[in-house]
Amino acid sequence: MKIISAGSAEEKFGIPPDFLNGEDKGVPDNFIRIPETISKSGKESIYANTCSSLTVHNSDNPEISEITILPGINRDGCRENFNSITIRPGDTISVVGPTGSGKSALINDIEIFARKDTVTGRTVLINGEDPPDEYIRDPAKKPVALITQNTKCLADLIVRDFLQMHLLSRKMTGDSIIQDTISLANEFTGEKIIPDVKMTSLSGGQTRSLMVADAIIISNAPIVLLDEVENAGIFKEKVIEALKKHQKSLIFVTHDPLVSLLSDRRIVMKNGAVDKILIPGEEERDALREIIRMDGIFCRMREKIRAGELITSAGVI
133 MKIISAGSAE EKFGIPPDFL NGEDKGVPDN FIRIPETISK SGKESIYANT
183 CSSLTVHNSD NPEISEITIL PGINRDGCRE NFNSITIRPG DTISVVGPTG
233 SGKSALINDI EIFARKDTVT GRTVLINGED PPDEYIRDPA KKPVALITQN
283 TKCLADLIVR DFLQMHLLSR KMTGDSIIQD TISLANEFTG EKIIPDVKMT
333 SLSGGQTRSL MVADAIIISN APIVLLDEVE NAGIFKEKVI EALKKHQKSL
383 IFVTHDPLVS LLSDRRIVMK NGAVDKILIP GEEERDALRE IIRMDGIFCR
433 MREKIRAGEL ITSAGVI
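When we follow the numbering used here, the leftmost residue of the sequence shown carries the number 133, and every step to the right adds one.
Hints are not guaranteed to be accurate.
Unchecked claim - Okay, derived cross-link-like pairs now, DSS-like style, lysine-lysine, Cα gap no bigger than 27 Å in a straight line:
| no. | residue 1 | residue 2 |
| --- | --- | --- |
| 1 | Lys436 | Lys324 |
| 2 | Lys273 | Lys303 |
| 3 | Lys377 | Lys303 |
| 4 | Lys324 | Lys377 |
| 5 | Lys273 | Lys248 |
| 6 | Lys370 | Lys436 |
| 7 | Lys303 | Lys330 |
| 8 | Lys248 | Lys408 |
| 9 | Lys402 | Lys248 |
| 10 | Lys324 | Lys370 |
| 11 | Lys303 | Lys248 |
| 12 | Lys273 | Lys377 |
To be verified - Beta-carbon label-pair distances, calculated as ranges:
| no. | residue 1 | residue 2 | range |
| --- | --- | --- | --- |
| 13 | Lys377 | Glu414 | 22 to 30 Å |
| 14 | Ser197 | Thr444 | 48 to 56 Å |
| 15 | Arg302 | Asn215 | 33 to 41 Å |
| 16 | Glu435 | Gly413 | 30 to 38 Å |
| 17 | Arg438 | Glu414 | 34 to 42 Å |
Honestly, the hints are just simulated from the structure, not real lab data.
Yeah, the Cβ is synthetic: ideal placement off N, Cα and C, and Gly gets one too.
With the sequences and hints as input, model every part of the structure.
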């Protein structure tokens, strides 16, 4: 099994250091190192030696070593096509499928720790058991952060006060934590977030960037659910890199080929249910190499357009 350290995206996937910074100098043969995944092999998680458990702030409950999804039913009432899905620290899972196939319903089941009490009939376990009631009742102790496509803030607070209120709710203090959160959020968005700006004036991309940073630093949520991160105009590669670095279990709802192929597993949804679970292998190596090359071009083109520059083939490629 190939071990990938919790370092940068360049280290994980063999990406040339200047590639994502605007210099496409070609893709070498060893550009992609596809991680060998383990869900069907019985082996430990590829991160088992670097993070044996996940800890939630301000909780006396057991640490989370894994969450397990048990099957429910599809829209026709038939059982889902899997026995169980186990997610461990450092795992990255993408959820794919057509619009209306049940992708958002799956991550919503994880977020509320479904107990056969949703339309899907699924059950979500923590460490092989029903989750503690506090995880369901107390938002401050919930180990899951769900960041949706339509993240909005109704509170008429400036960014600093909004984060301060969240700190107080978790019995935490420190201006440095607030600054670290804003600084991390600014790594994900092209337009910097100002601490004294009202939350309601932030763009969709700025708001989602702040929520991701909040989930990492303040919430310290061990399980992060992201619904179509690519649609917010934020730097998805940097988001994935930061979440990996902090050893989060990541579940993405995505239509993005790059995000999908970089995941450890792909859950394919159909008719409101899990249809299949795919494990990336060597057969996708060439496709992944080409998608990374193309994504680098698209990213550079997007930034040139944002900066008001003219686009020419010579200036982009």
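Each hint, compared with the structure:
Note on Lys436 and Lys324: the hinted pairing holds, with a Cα-Cα distance of about 17 Å set against a maximum of 27 Å. Of the supplied pair hints, the one linking Lys273 and Lys303 holds, its CA atoms being roughly 11 Å apart against a limit of 27 Å. Distance restraint check for Lys377 and Lys303: the Cα-Cα separation of roughly 25 Å lies within the 27 Å cut-off, and the hinted pair is therefore satisfied. Proposed proximity of Lys324 and Lys377 is supported: the alpha carbons are some 22 Å apart, at most 27 Å.
The hinted pair formed by Lys273 and Lys248 meets the criterion: a straight-line CA distance of about 22 Å does not exceed 27 Å. Pair hint Lys370 plus Lys436 holds up; C-alpha atoms about 18 Å apart against a cutoff of 27 Å. Restraint check for Lys303 and Lys330: satisfied, since their Cα atoms lie roughly 23 Å apart, inside the 27 Å limit. The straight-line distance between the Cα atoms of Lys248 and Lys408 is roughly 21 Å, inside the 27 Å bound, and the hint therefore holds.
For the hint linking Lys402 to Lys248, the alpha-carbon distance of about 19 Å falls within 27 Å, and the restraint holds. For a cut-off of 27 Å, the pair hint linking Lys324 to Lys370 stands: about 15 Å separates their Cα positions. At roughly 33 Å between alpha-carbon atoms, Lys303 and Lys248 are farther apart than 27 Å, so this suggested pair is violated. Of the pairs offered as hints, the one joining Lys273 and Lys377 holds, with about 22 Å between alpha carbons and a cut-off of 27 Å not exceeded.
Between Lys377 and Glu414 the beta carbons are some 26 Å apart, a value that agrees with the proposed interval 22 to 30 Å. The given range of 48 to 56 Å is respected by Ser197 and Thr444, whose C-beta atoms sit roughly 52 Å from each other. Between Arg302 and Asn215 the CB atoms are about 37 Å apart, so this pair conforms to the stated range of 33 to 41 Å. Between Glu435 and Gly413 the CB atoms are about 33 Å apart, so this pair conforms to the stated range of 30 to 38 Å.
Taking the beta carbon of each, Arg438 and Glu414 are about 37 Å apart, inside 34 to 42 Å as hinted.
Of the numbered hints stated above, the single one contradicted by the structure is hint 11.
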